[in-house]
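Participant: With chain W's structure known, arrange chains H, E and U on it following the hints.
Letter by letter, the chains look like this.
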Amino acid sequence: MSQFLAHNAWLVPFFPLLGSFIVVVAAKWLREQSHLPIVAGIALSFLVSFSLWMVAGPDVTSPAIEWLTISGFNVPIQFRLDGLTTMMLAMVTFVATLIAVFASGYMAGDPGYPRFFALIGLFVFSMTGLVLSNNYVLTYLFWEGVGVCSYMLVGFWHSKPSAAAAAKKAFLVNRIGDFGFAIAIFWLWSASINHDVSYGNVLSRENLDQLGPAAIMGISFLLFWGATAKSAQVPLYVWLPDAMEGPTPVSALIHAATMVTAGVYLIARSTPLLVRAHEVQALVAVIGCLTALLSATIALTQTDLKRVMAYSTVSQLGFMFMGLGAGVNNVAQLAVFAAMFHLFTHAFFKALLFLASGSVMHAMGNVIDMRRFSGLRHRLPITHLTFAAGGLALAGFPLTAGFWSKDEILLALKHAAHQAEPGWGGIYVAVYWIAVLTAFMTAFYTGRAYFLTFWGPEKLPSPQDPEALAEAVDEVDHGSSHTEHDHGHDAGHGHDGHHVGQESPPIMTYPLMILAVCALIVGLIFGPTGLFEHHLHLTLGYEHLGHLEAHGADWLVMLMGSLAAILGLGLSYLFYAHRSPIPAQLAERLRPLYLASYNKFWIDEIYEKAVVGTTLLLAEISAIFDMVIDAIVRGIAYLPRWLGGAGLAPFQNGLVQFYAGVTAMGVAFLLIIVLFWL
Amino acid sequence: MLEKRDLILAIAVIVLGATGTYLMLPHRHGSAKPRRVHLIGAVLAGLALLLFATFWRAPASAISSLFFYAFSLAAVAGGLLTITSRNPIHSALWFASVVLSTSGLFLLAGAQFLAAGTVIVYAGAIIVTFLFVIMLAQMEGRAPYDRAARAPGRATFSCFLLFWALFYALLIVRVAPHPKGVAIDTDNERLVRSGEIASSYGLKADHPARLISELARRDTLRMDDISKRPKPHVAGLGEALYTEHLISVELAGTLLFVALIGALAIATPKLPIRPGDPRPQPLTKL
Amino acid sequence: MLVVIGILIKILVVVGITQGAVAYMILLERKVAAYSQDRIGPNRCGSNLVLPGGFRLNLPFGLLQPIADGAKMILKEDVIPSYVEKPLYILAPAISIIAAMIGFAVIPFGPVGTQAPSGVNFQIAPGVDIGIVYVFAIGSLAVYGVILGGWASNNKYSFLGGLRSSAQLISYEIPLGMSILGMVLLAGSLDLNTIVNYQDGHGLWLTRWLGLPAWGVFVQPIGCLLFIISAFAETNRLPFDLPEAEQELVGGYHTEYSAMKFGMFFLGEYLHVITVSYLTVILFFGGWDAPFLNQIQSDWFSGLLKALVLLVKVGLMVFFMMWVRWTIPRFRYDQLMDLAWKALIPIALVNLVATAAIVELLRSSH
Amino acid sequence: MTPFPFELLMNYLLVGAALMALGMLGFLSRRNLIVMFLSAEMMLQGTALTLVGFGRYHGNWTGQIFTIVILTVAACEASVALALILILFKRRSSLDVTLWNELRESTQAPFEEPTVEEEAESVAPALGPESYPHLTRAGLEPAHPTSPWIERRK
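Protein chains in written order, with our numbering: chain W, 124 to 801; chain H, 28 to 313; chain E, 63 to 428; chain U, 73 to 226.
In isolation and in its complexed conformation, chain W is listed as follows:
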């Protein structure tokens, strides 16, 4: 049975691919039914993934199919079915199924409906392939596939300049990370035993033992470099907030299931390698910490609901990296479990939050600025309740999903502070406290978003809003339709005829409800019961990781986490539930800080000036140099042209007999030369 299932693991990526193939081929006939093959494909893929959960084991692989064989370099198509993979697969396909169902309602009426679903299918195909593949090269292949799909989906409304720019940005930033990953693979290939880059070989003990310290550190660093781009860490996180330009289900997919988790997965997969490089681990933790803090600070002041969610994703990813970075010595196992558990729970509640935001946006006629609506809890009861559930989970409210996973990360950090090499412990202590602070901020901005949207006096967006007017003026000024907050696609996004302020149709609310239930209880089911830990234990190389003899629940850490969550939520309730003037006063008082947060610390502008400007300058200099080269090349090219025009053109007189005569003469002369001179 398990053999049978393992042999058929290829079905997981195959079903979504088949679905998108059907959509592409039959788009003309399917039109408004284009979601059916995709939803069916992803759902089938989920069923297979779920059954694969049963057969997971550290060394279960599907049979290898020969693919790339260049003497000495052998990359087969082979799938690995260990705990990590099956966990990711089940999570990805489950969340993706719900998102696809939601999208079938959300995207209804869009002219690119079939294209959208074809891309969704391709996206899920790439992600499942990435998770399944058993070697770095195949992973890299699907890694790029994920990148391409995200490019096409973020730029789905490509006629909108902002969407096109966001897609380009996402792609380019990801290329920077891919570069690091590629070099890591080259290094692995040259340094590993047998030049075999499959996980089973690379992460085996013999191989890790024979790698030099420089190789271990360098490869770990490069892998982490690759992960920073994909998983939106400082300094390459800038693409993720902009990716909001895509349709909301895409955002949900990217943030929850498919794209950003790829980097975390890569690092988790390579944990046996990473735990041998303490410096890189510390770097991972610090970068994660920085990311979490930075994005949480930005999220505090954003007025765009989806943008708040985006920065919260960045922040939560930072948490995951903190967890991954905490795996020193004996904490390794605990740390990676914690990070992956957070990834797991985060998928549910973040998908939920994004879909709920989408639902709000859908109901508000594509307006997403929180200043333009409020008090929606009576109008959108289901959205309200589900958003609340997701918010609680994100804030880490006790007993919700986020609580358990965040708690484990904090626990891992705390242990890391004790277990780290002498001199490094301080870092982890700092990281720990910043994490607690970030948790508090998380709870606060989650509460802020929630209360601003659903509480307070009921208000629906109208064209007379000062913000709306400002936008309109902006548009006139700039002479373009590019606006930060205009997420919808005005022409035919299918919300015409839909009255503003109504609850979304059931096809959109049912996925929300399912996800809400998951967000509330999934942590309770998998966390304290040890189910998750037990399953993840079946991963390649994890049994050799250091682990603590006994770690029960640490009440102090739990208390800290709960306290942070409850304090944050309480503070936001005070500030925003009934529209107190305190936040405005605070913003006035701390104006520079507020502005910095509001403008995202001007990171984008700095990048624009520093990186893009430098590159352009370099290009200018090169262009001058190029002109010289061009002149030489053209001069050389002109010479034969001139010679031919003057000397050889008369021979091209178009008379076939002339050509034949020349041929005859040529043959005769050649023969004579052969006869007399050779």
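Please note that a few of the clues may not be correct.
Here are the simulated DSSO-like cross-link-like pairs (lysine-lysine), alpha carbons at most 27 Å apart as the crow flies [said to hold, decoys possible]: (1) Lys60/H to Lys138/E; (2) Lys218/E to Lys162/U; (3) Lys218/E to Lys138/E; (4) Lys291/W to Lys732/W.
None of these hints come from the bench; they were simulated from the model. Computed from a prediction, not measured in an experiment: that's the story for all the values here.
Facilitator: Chains H, E and U only, in chain W's frame:
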């Protein structure tokens, strides 16, 4: 290398032939050449042909040599007249004589099937050409382009230069007398190789597969079998065609088929465009 | 040298006999025509003949008519119009008759090979591997006589006749050639002797079961039909005599010819009829094969007997051709072309492929 | 098999070379497309002769097989070339090859046809009354029309 007598003779052939042919070819501007010039040209060319014939060695038997000389002279003379006739119909007829003589030479070289095949194919082809000439050209009488040649001097020079090169090359060839008349043994290796295949299977002598493999390693390309007796002509040729050259046969068939379709596609009469019909757009903007 | 002399003698004999035969075929044709039209036909020449010795001879059926005809042909004034292309005008009838005569080189007139009596060879050029291909090659040359005659006459009727004939001959050569390929496949050779000998044998299982000889007409009925139809067209006989259709084209390509030149065209045509009849009999009617004749030992007597059988069969075939001439009306030209390209060639192709498949199956079943 | 010594092979090669050169000459100098086509076929004949001679000399079938392939190619060439000639004639009502030189270099001037002298080639003189068949005395001699038959051939 070459005997002086032969060299002089060869040069005489070339010079006389070139002069004669040039005189017989139409004038460059189509001006009429007097009958006398034609006559001189014909005499010179005929002289060259006779001198050329001295380079031929008569075959052993009298009848063969009679036929050989007749056919060869007819072929070359026919070729000369084909290209010098003002009237394309005469050209076609002279070419028919060339084809018939060539078939006769094929027959003398033991290529009976080819001789008959050439006659069948070319008889049809020439008749069709004939019809074309009659339909297209003869309606207006002798066209200016039939009366005038394009650069006859230069063409004669280059072609006779080519002929001289070929002629000289053939004259200086000296081969060692052939011991058996044929070159064998180069493909013994192949026989051994296929024999190995047969024996490696360890088949019994009367096993059908063994028989087939033995059949396969017969040398199909030789005109005589292992006991040096000539194979039956058509059977031998067919065997060689359908074993060694099967791909060539298939390719030739494909080629014929494609040419058939191509000729039909090219020559199918297009409907004339009447005034008022939408004009077809020219395909210039490619 | 003896061989050469033998061959020359054979040539003389064959040419003489065929020329004589042609003369009497004309008489036969006239008689057949007459009886078909309920007339009597020539019946004077030879009756009431007074021989020098005072003997009176009374030959029936106008048996001396051919001699009178021949004498007329030879003695008539030979007119050559001044507007003709003279060399070709003279060459055309010569080509016509030569092409008709050299086809006889490979045709066996009597038993050859294993059935022949020793030392006798009823064939001018024995052992030509490519027999039937040779006959076709020569046959394709015959068209030159017609088209050159038509063109050189410089007369529009002749010209039209020549054009028609060339198109017709080229078209019908294809089904003619393809119709015999079935027999060639079955016999496994292009040599006429081998094909005849095959028909002595047992043939396919169907004919064996029916108790029929393995004659081409039984093992290749479709091929036989196609061959006979195409042969009529090749010989320009009615119903395919469009090149010389009297009513439309005056006389076709030989309008301008008179005297012996005309006679040569005539001769060529009838020689062609004989050739084709021989071919039909040899390819499809068992050659010299006749019931009970196989049992006789090969000697002079049986050899002559077989040659006689062959001759009788050929005579019947010739009679058949004349019979058809006075029975079936002429085709229209487009119908003629349609028949060749749309009916005969496809049928011949199908027949060929089917035969090839059957031969292959039978061979592999052995 | 009768022997086929080198001398006999040489005969074939010489005749083949002559046919080849003559065909080339015809192809180069004649302007009628059909005659050019015939010349090209003549070159193929020369080649075929050479190949058959070589095949016989070496005692194998290869030469003949090559020649069969040449026959095939010649047949294809005949069909396609004649079809092309047909449509070329339809376009220009002429078989002159020099009219077709559009593939020349765009900067080149088109080929200038040398002026062909009209009626340069004198046709055999009309013989007047003698152009009629010589009639016997039996019939009356008809009056001669003013334009004799011969004019049709111009």
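Participant: Would you mind marking each hint as holding or not holding in the structure?
Facilitator: Hints versus structure:
1. A hinted pair counts as satisfied when its Cα atoms are at most 27 Å apart, and Lys60/H with Lys138/E does not qualify at roughly 40 Å.
2. Distance restraint check for Lys218/E and Lys162/U: the Cα-Cα separation of roughly 23 Å lies within the 27 Å cut-off, and the hinted pair is therefore satisfied.
3. As the CA atoms of Lys218/E and Lys138/E are separated by approximately 25 Å, the hinted pair is consistent with the 27 Å bound.
4. Of the supplied pair hints, the one linking Lys291/W and Lys732/W holds, its CA atoms being roughly 17 Å apart against a limit of 27 Å.
Checked against the numbered hints listed earlier, the structure breaks hint 1 alone; every other hint is satisfied.
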